[in-house]
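J.: If you want the building blocks of each chain, they are given just below.
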Amino acid sequence: EDQVTQSPEALRLQEGESSSLNCSYTVSGLRGLFWYRQDPGKGPEFLFTLYSAGEEKEKERLKATLTKKESFLHITAPKPEDSATYLCAVEGGKLIFGQGTELSVKP
Amino acid sequence: NAGVTQTPKFRVLKTGQSMTLLCAQDMNHEYMYWYRQDPGMGLRLIHYSVGEGTTAKGEVPDGYNVSRLKKQNFLLGLESAAPSQTSVYFCAIRDPAMETQYFGPGTRLLVL
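Going down the list, the protein sequences come from chains D and E. Per my numbering, residue 1 is the first one in the first sequence, and the count goes up by one each step. Per my numbering, residue 108 is the first one in the second sequence, and the count goes up by one each step.
One or more of the hints may lead you astray.
What the hints assert, rightly or not - Cut-off 20 Å, straight-line C-alpha distance, at most; resulting in silico cross-link-like pairs (DMTMM-like, lysine to aspartate or glutamate):
hint	chain 1	residue 1	chain 2	residue 2
1	D	K59	E	E206
2	D	K57	E	E206
3	E	K164	D	D2
4	E	K177	E	D133
5	D	K42	E	D145
As the list claims (entries may be wrong) - Okay, the calculated bits of chain D under chain E, using three or more residues with CB under 8 Å as the criterion:
hint	segment
6	23-34
7	41-48
8	94-105
What the hints assert, rightly or not - Label pairs and their calculated CB-CB ranges:
hint	chain 1	residue 1	chain 2	residue 2	range
9	E	S174	D	E45	23 to 29 Å
10	D	T26	E	P203	21 to 27 Å
11	D	T26	E	D202	24 to 30 Å
Source of the hints: derived by calculation from the structure; they are not laboratory data. Note that beta-carbon positions come from the ideal geometry of N, C-alpha and C, so glycine has one too.
Construct the entire structure; sequences and hints are all you get.
T.: Structure (structure tokens):
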């Protein structure tokens, strides 16, 4: 059965304190792994798509990487505006979402 | 939200009442989806459509019906609302070029 697990559930950082969010997955026939950002009261906002192990994507302070079993979202020198819930999703035959990591960045 | 609108933004229903949620897109994509999001449960697929006139069941379809009479619109219906259907409902469209889904702003539904 396809499954996605994100850790930690919540992460509190000080501004400038770099860290990583984890997305572990099992899927038969990975077609893509997706990262989304969701702000309170809003819909998920697309960040990245990764297709194969070894692939990396970057956007501002965010960098997503992919292995055969997991993906990491690295946040370098985060700012308070990076506070949000980050969702990971994998697509085999259908799109399966993890429960998300709630990131809080304090000034 | 990538040209996806949802109506209404918020609604309160009494148990047993019915309502329809509307999702509209202005991007002419074939694939449209309805999800619900609950604390600790993540996003779960209710129904989806691969084109005008077609619909299919997702992970949690019970208690919901859908219709896709026009390509731009995807309707989600609750015939007899139950408190367990209290949730935030998101519509999404699939961009085939990016192979990912873009979400609407959501409808918050409270069933008393």
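J.: If a hint holds in the structure, say so; if it doesn't, say that too.
T.: Hint by hint, here is what the structure shows:
no. : hint                          : verdict
1   : D:K59 with E:E206             : 18 Å, holds
2   : D:K57 with E:E206             : 15 Å, holds
3   : E:K164 with D:D2              : 17 Å, holds
4   : E:K177 with E:D133            : 12 Å, holds
5   : D:K42 with E:D145             : 14 Å, holds
6   : 23-34                         : holds (count 3)
7   : 41-48                         : holds (count 6)
8   : 94-105                        : holds (count 6)
9   : E:S174 with D:E45: 23 to 29 Å : 28 Å, holds
10  : D:T26 with E:P203: 21 to 27 Å : 26 Å, holds
11  : D:T26 with E:D202: 24 to 30 Å : 26 Å, holds
Of the hints listed earlier, there is not a single one the structure fails to meet.
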